[in-house]
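The listed protein sequences derive, respectively, from chains P and V. Residue numbers 753 to 968, in our numbering, belong to the letters of the first sequence in order. Residue numbers 34 to 725, in our numbering, belong to the letters of the second sequence in order.
Derived by calculation from the structure, the hints in this document are not laboratory data. Glycine residues also receive a C-beta, built at the ideal position from the N, C-alpha and C atoms. Check before you lean on any hint, since a few could be wrong.
[What the hints assert, rightly or not] Just so you have them, the derived chain V footprint on chain P, three or more residues with Cβ under 8 Å:
(1) 759-773
(2) 839-852
(3) 860-874
[Claimed, not checked] Distance windows between CB atoms, simulated:
(4) V:Lys718 to P:Arg938: 45 to 53 Å
(5) V:Glu537 to P:Arg872: 38 to 46 Å
(6) V:Val516 to P:Glu821: 51 to 59 Å
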Amino acid sequence: MRIVIAEDTVLLREGLAGLLEDAGHEVVARVGDAEALLAVVAEHEPDLAVVDVRMPPDYQDEGMRAAAEIRRAHPATAVLVLSQHIETRHALELVATGGGFGYLLKQRVLDVDDFLDAARRVCDGGSALDPEVVATLISPTPKRDALGELTPREREVLTVMAEGRTNAAIAKRLWLTERTVEAHVRSILGKLGLPISGDDHRRVLAVLTYLRASGA
Amino acid sequence: MALHADFGASTVAERAPLNENGSVRIAPRLVAWCLALAAVALITGGLLLDRIAAAEHVSGSGVVWLYPFLLAAVSAPALVGAVIAAQRPGGPIGWILVLGSLSLAAVLAATPYAWVALDAHPGALPGGSWAALVSSLWPTFFAWPVAVAFVFPDGRLPSRRWRPYAIFAAGAFAVLLVVLVMADQLEKPFSDVTNPFPLRVPDGLGFVRLPAWLSVFASLFVGAGAARVRYKRSAGIERLQMLWLAYAALLIPLGIAGFLLWGLVVGEPGGAVLGFLLAMESAVALAVGIAVTRYRLYEIDRLLNRTLVYAAVTASLGLLYAIVSLLAGVAAGQGSTWVTAVAVLVVAAAFAPLRLRVQAAVDWRFDRQRYDGLRRVSAFVDDVREGRREPEEVGDVIAAALRDPSAELLFRLPESELYSDGLAGIVVEPPADGRTVTRVEHRGREIALLRHDPALLDRPDLLRSVLAAASLAIEIARLRVEVRLQLAEVEASRARVVQAGYEERRRLERDLHDGAQQRLVSLGIVLRRLQRSLPREAQILGPPLDAAVDEVGRAIDDLRRIAAGVRPPRLDEGLAAALADLVRALPVPVELEATAERLPPQIEAAAYFVVCEAVTNAVKHASPSQITVDAAVANGALTLEIADDGIGGATVSAGTGLIGLTDRVEAQGGTFSLTSPAGGGTTIKVEIPCGS
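Make the full structure from the sequences, and use the hints.
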């Protein structure tokens, strides 16, 4: 993969680049702010942009806004946003509008394989959503009665599914067979009233759209 | 004929200033002074002749104590008249005085001349009988005061309607003089001298004499009426001038009343009456002089007011003393010391209430504005004492009492050089805007400034007495304004402190997330890369590196928790998101209903921490099984309700963290209420205005 990195902390930027290069990816540009990021994306048309949320000059949500801009202007470039803390609204909007977008807490990088998997998934047009964000979505509230009807196991499956993972990955994570996972997924979608689809990614989008529409 | 002569002279004099020729401008001054000196010379000569007559023991002559009065009665109007005529030769008043004094001097000097020529040294002087004729024209005595009363102070009649009255007065004097000149018999003391005037009043017209006298006396009252009308209409300087004239004129009835009393108690006053009338003549002239040239010399309002009050009080007390003495004398027997003692006691006891009554009556009769103004202010002070009105309204009350809508009171703030208008606005230096500024003092300290119409400077007594009556209310209002300003300052500073707290939390949260956390993540990455680059023979280092990275991950989790406690980052997404995170972490089920509306950041922060402290408090102390949190926006206010079904009995003071909660709410101008019956759960209700 050809990757650009936008991160204002130099130490972290170099660390990230090292990790990705160690994994055999090509880091074509490293920048420290959103403006420079948009410029290098336009120049290199990379497969993936790894973007920090808070960057100069205001340290607000510059990275998130740049990510939205990249998704709009360069659909071929996937974006993986890294954040110091959980911020759901913008992240969900971007994930739900289509594939090629991921949102993770920075510390997830330390789980290197998972991180590289998420990067790969996003790059392939899938999505990645931090487990903590998913946790804020999958808590029953009066508005979301349907979630209460799920069995504990189904809720575990839904949680991992919402992170953007494939059936195979879910099965591996939860120590289940893929067939069992498929059965759970059908049941979940049925209870939530969502169309059953073979496409992993479409399925994730449907689930996220449901969760977003019903709360958070 | 003095009156006619006066008016004639004024017409001549009025033309003089129109001529630009300098020599002509000098003339009226010269003429005025010459006439005045002639009058003084005439009366001086008269007094010398009186000495000669006295040497021969002529009856009526040589009343030496009367000399100063005679001299004053002539020279006062003469000199005042000359000064006024010289200053404004176009106006008639100076000329009226000068010519009046001259005619008076002629009449007064004619008497001793006739004495010398007819009695002391018969034949030594010519025209003795003519002098006796002039001497009997004494009603000229009243001519100039009446003329002044008609035209004072501007030299014109009060209005066109007064023209017939003026003609009547002038006619009355003229007819009387003609009657006197053509009389069969001259006036005292020359009733035995043959009138040298060749003509006599025709026999059929003898009855005219009495109506002529009556008309002259009537014209005195008509003149007084003209002055009264003028006073009623006057304002500002003219009012002060009229007051000076009134003050002198007022002494005349007072004096006459005094002589009546004297006549009753001591006996016939005799020559004293003449002395008194002469003194009055000079007093009126001096009053005119002061009124025209130095009307602000003394506070004439006060002078007049006090004179009236003390004269009336003295007369009443004297009467009271007399009555009590009489009654007590009848009861206890004449000459008892008890009689005097009782009378004195009664008079002493009556003094204070009588003075107040008389003062009010005089104010009501002669100075309605002062009377009404003071009543208004004292009614206001009573209302303030009874709590019916606010002391801050004192400025409006003063403006109404002074009848000056532009009047504005500025309170001097204690311990500062600042002034406030009472509405919490602070004025450092009252701007100059054409209004006059008067300092208001209370016990020697400045408590306020009054900006008012400069015309009020002509009523210093009104201004001073109204301000003095209002000073207590002003002092109270001033202190209240000060307290209110200080309270506002304290509230603002508390809001600033709380706001600074929120900002500090945000900064701290940023530092934790962007500083320490980033370094830990970087450290973790370094360890991971190290681990992944280990050569096969060093794989033994893998597990401890895993453990190290796990430790770094836990440190990051701790840090995020701390940062979230300092300030939840999701507050940036709104109150609902932050509260959802908050309640998810609690060990007690929470039913949350939060508005999705966005509010100003400091209000969202305040609301978040209020809920945070309230639910933390509930979990810690109340052992609830269920908590409900409700945050809603209605009518421009954010209302929060945090209720639990725990043990209740919470108080704000018991060190439960609820005290910090009230501080947060009140710093945003909100209200806080706590309901916590023992065993009945706890409900906290908060309302924070949010202007949306």
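These are the hints, each one checked on the structure:
no.	hint	result
1	759-773	holds (count 7)
2	839-852	holds (count 3)
3	860-874	holds (count 3)
4	V:Lys718 to P:Arg938: 45 to 53 Å	holds, 48 Å
5	V:Glu537 to P:Arg872: 38 to 46 Å	holds, 42 Å
6	V:Val516 to P:Glu821: 51 to 59 Å	holds, 57 Å
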